[in-house]
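Chains R and W are the protein sequences, given in the same order. Just so we're aligned: the first sequence equals residues 0 to 399 in numbering that gives the first Met the number 0. Just so we're aligned: the second sequence equals residues 0 to 399 in numbering that gives the first Met the number 0.
Honestly, the hints are just simulated from the structure, not real lab data.
One copy or two, either will do: identical chains are not told apart, so a pair holds if it fits within one copy or between any two.
Here are the simulated DSS-like pairs of lysine-lysine, each with C-alpha atoms no more than 25 Å apart in a straight line:
id : residue 1 : residue 2
1  : Lys313    : Lys325
2  : Lys23     : Lys327
3  : Lys28     : Lys327
4  : Lys325    : Lys28
5  : Lys23     : Lys325
6  : Lys313    : Lys114
7  : Lys114    : Lys28
Because the structure is a prediction, the values reported are computed rather than measured.
Below, each chain spelled out in residue letters.
There are 2 protein chains.
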Amino acid sequence: MIQIAVLGYGTIGSGVVEVLKVNKDSITKRVGDEIFVKYILDLREFPGDPMEDKIVHDYAVIQNDPEVAIVVEAMGGVEPAYTFAKQAIESGKHFATSNKALIAEKGAELIRLAKEHNVNCMFEASVGGGIPIIRPLNSCLTADVIEEVSGILNGTTNYMMTKMSEKGSEFEDVLKDAQQKGYAEADPTADIEGHDACRKIAILTSLVCGQQVDFQDIHTEGITKITATDIKYAKALGRSIKLLASSYQTGDSYCALVAPFMLEPTHPLYNVNDVFNAVFVHGNVLGDAMFYGSGAGKLPTASAVVADIVEIAKHLDENIPVEWRKEKLELADYRQLKNKYFVRTTADKAAIEKAFGSVSYVQAEGVTGENAFVTAEMDGFAYDKAEAELGEVLQCIRVK
Amino acid sequence: MIQIAVLGYGTIGSGVVEVLKVNKDSITKRVGDEIFVKYILDLREFPGDPMEDKIVHDYAVIQNDPEVAIVVEAMGGVEPAYTFAKQAIESGKHFATSNKALIAEKGAELIRLAKEHNVNCMFEASVGGGIPIIRPLNSCLTADVIEEVSGILNGTTNYMMTKMSEKGSEFEDVLKDAQQKGYAEADPTADIEGHDACRKIAILTSLVCGQQVDFQDIHTEGITKITATDIKYAKALGRSIKLLASSYQTGDSYCALVAPFMLEPTHPLYNVNDVFNAVFVHGNVLGDAMFYGSGAGKLPTASAVVADIVEIAKHLDENIPVEWRKEKLELADYRQLKNKYFVRTTADKAAIEKAFGSVSYVQAEGVTGENAFVTAEMDGFAYDKAEAELGEVLQCIRVK
Numbered sequence: 000m001i002q003i004a005v006l007g008y009g010t011i012g013s014g015v016v017e018v019l020k021v022n023k024d025s026i027t028k029r030v031g032d033e034i035f036v037k038y039i040l041d042l043r044e045f046p047g048d049p050m051e052d053k054i055v056h057d058y059a060v061i062q063n064d065p066e067v068a069i070v071v072e073a074m075g076g077v078e079p080a081y082t083f084a085k086q087a088i089e090s091g092k093h094f095a096t097s098n099k100a101l102i103a104e105k106g107a108e109l110i111r112l113a114k115e116h117n118v119n120c121m122f123e124a125s126v127g128g129g130i131p132i133i134r135p136l137n138s139c140l141t142a143d144v145i146e147e148v149s150g151i152l153n154g155t156t157n158y159m160m161t162k163m164s165e166k167g168s169e170f171e172d173v174l175k176d177a178q179q180k181g182y183a184e185a186d187p188t189a190d191i192e193g194h195d196a197c198r199k200i201a202i203l204t205s206l207v208c209g210q211q212v213d214f215q216d217i218h219t220e221g222i223t224k225i226t227a228t229d230i231k232y233a234k235a236l237g238r239s240i241k242l243l244a245s246s247y248q249t250g251d252s253y254c255a256l257v258a259p260f261m262l263e264p265t266h267p268l269y270n271v272n273d274v275f276n277a278v279f280v281h282g283n284v285l286g287d288a289m290f291y292g293s294g295a296g297k298l299p300t301a302s303a304v305v306a307d308i309v310e311i312a313k314h315l316d317e318n319i320p321v322e323w324r325k326e327k328l329e330l331a332d333y334r335q336l337k338n339k340y341f342v343r344t345t346a347d348k349a350a351i352e353k354a355f356g357s358v359s360y361v362q363a364e365g366v367t368g369e370n371a372f373v374t375a376e377m378d379g380f381a382y383d384k385a386e387a388e389l390g391e392v393l394q395c396i397r398v399k
Numbered sequence: 000m001i002q003i004a005v006l007g008y009g010t011i012g013s014g015v016v017e018v019l020k021v022n023k024d025s026i027t028k029r030v031g032d033e034i035f036v037k038y039i040l041d042l043r044e045f046p047g048d049p050m051e052d053k054i055v056h057d058y059a060v061i062q063n064d065p066e067v068a069i070v071v072e073a074m075g076g077v078e079p080a081y082t083f084a085k086q087a088i089e090s091g092k093h094f095a096t097s098n099k100a101l102i103a104e105k106g107a108e109l110i111r112l113a114k115e116h117n118v119n120c121m122f123e124a125s126v127g128g129g130i131p132i133i134r135p136l137n138s139c140l141t142a143d144v145i146e147e148v149s150g151i152l153n154g155t156t157n158y159m160m161t162k163m164s165e166k167g168s169e170f171e172d173v174l175k176d177a178q179q180k181g182y183a184e185a186d187p188t189a190d191i192e193g194h195d196a197c198r199k200i201a202i203l204t205s206l207v208c209g210q211q212v213d214f215q216d217i218h219t220e221g222i223t224k225i226t227a228t229d230i231k232y233a234k235a236l237g238r239s240i241k242l243l244a245s246s247y248q249t250g251d252s253y254c255a256l257v258a259p260f261m262l263e264p265t266h267p268l269y270n271v272n273d274v275f276n277a278v279f280v281h282g283n284v285l286g287d288a289m290f291y292g293s294g295a296g297k298l299p300t301a302s303a304v305v306a307d308i309v310e311i312a313k314h315l316d317e318n319i320p321v322e323w324r325k326e327k328l329e330l331a332d333y334r335q336l337k338n339k340y341f342v343r344t345t346a347d348k349a350a351i352e353k354a355f356g357s358v359s360y361v362q363a364e365g366v367t368g369e370n371a372f373v374t375a376e377m378d379g380f381a382y383d384k385a386e387a388e389l390g391e392v393l394q395c396i397r398v399k
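This is chain R alone, in the form it adopts within the complex (with noise of 0.2 Å):
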């Protein structure tokens, strides 16, 4: 019997415990051992809930009992995530968690951590939700130099523009309705400004290069100016508008960006519609492929948890080796990137052709009072020449 510990007995911690339940018989086949909840940490009382008597509300009785092999991490937040997870760690026990958040900041030193003490630190929910992308990064993908990871790494703001983009409703409006069926949060924040996938892509990006990319060094644009008028525009492009949280090597670095981007419907991203995520990477020899899945909510982030202590359970001799040292990386400067740009102004098109040079000029359904067009491919410092000769741009979306 493996004795595990579930910190939080929320969304995901409560997941973990029920898929463990549900699927007991074949976990405990693919394992050779059974995984058995012992404590659940958590502040509150659930009276009557069958995991009751499971409840401890002091980490200390965790940390404190050897019996315990596995920590499962499902609080979110930095701290006390992070102490809970080095003291775990520091004392043998294996640490797993869907904790972003803690992983963009503190994993490079959690993956040494767990390395010297001969355990393993795994966050596969941490990126994608269900969406298996951590491991296969760390052990599929390892033959080639990775150029480019582009995700839809936001459930939120993914399932926002497929119904802007069905209902031509305004941001808005869709926000209310995201937010009534409890798919964004009273604060959505974190959301539509990019910051969740700003994360992600740090951490994906991390795992990419083997070293630490902090994600306040990531350009992040968030979905809050997208309307119902681009939508028109995408659609006589033939083109989606998502959300993208990419980074592409350049030289001896990568760029990162968090930004909507038009996409063509040939691009494995176009048809990523409501919640479901996905992450596109090209490999130099690989070339292109795609994971697609559930990048959220109670079952699909606790089966990739479970699936880190079925890995764990396998391997509970051996450290499994992840390169992402503590070494931060610098990043180059997103305006290297070089996209098509799609432009909305007020100015005539003399005067946007003497900014751009050759444009093709596009025409929705209903908007008059402005020109709109796609510039050539150019690159981001170049693009804000352009738009700062121009003046009166009233909006700018990048071209895949």
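Here the structure of chain R is known, so what remains is to put chain W in place on it, guided by the hints.
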């Protein structure tokens, strides 16, 4: 330095050598040691080739060299690959292969042998070319009961179905085009009759259930009966026709089949076009997931083989467990599966409704002299009975 031997210097074998050369620096960094190709086994000479001096014609040279730690097989076919694999593993050498025929037939035995000798037998490239699917099934989707695996697993037929759909061409014309482009072989039987996809779904189903699934037991229909007229109807229904290799959990067993399906636009496999492959997985807690990428081709397939080499090199002293026992799984009758069916017939509507009850009729542009309809959901037994009653059936394609 970790020394390897490559068996077969054809497309995949030379791709493996190329990937190891092109990405030498990043691979050495990941492994923490250099991978060195000591021998290449081939019947031919390669005068002028940079690897000319590595070529040997006798496997015994490789087998008897204790410095060779990993044998990489890229010859294809069950023999002599199986004999070489067995000898290699029994003498403590690790084994990696891209050979689906070998693994579908001998996978369970080679995995057991590898475990006994504390080495690894890896075969990521045997299904889906460069797409990571074997390792994700084995180490990522382990919290779930996998209820369905459906793959577009053959690039040749997917290219042909895509071109038939884009151009409205007939099967024979598209086959000739695929042969000219090198996507189809001079004898295309294994691809177009579904035999290739059948071996691949046998491998995936074996991994999902942990037991031997014999490919000979899997009901297999190819694409040879699909016509330009069927494509017209698919378009009228807003669907695409794809050759799917699928298995579904039913009770304590699985149903498996290879057959063309009409997919609706919201299905994750709908948009998988040209020579791309993808594997759709439905887990009982994960929900839907999909893995997409290059299913064939020299470098993508070699990327997967080299990823196996890297994984082995990181676990030289240890067997990574794979659950695939030799006991044969008795598949359930594929006719237990419930589907809608698209049917074309020369019978009249009264006869159709007498045999099938209420159906949805469909008309395609320019097609006359027949009736076409989509049935309600029914199992294969009920379908066969209704078809026998109707007679005069021109075409039948499952609808998903």
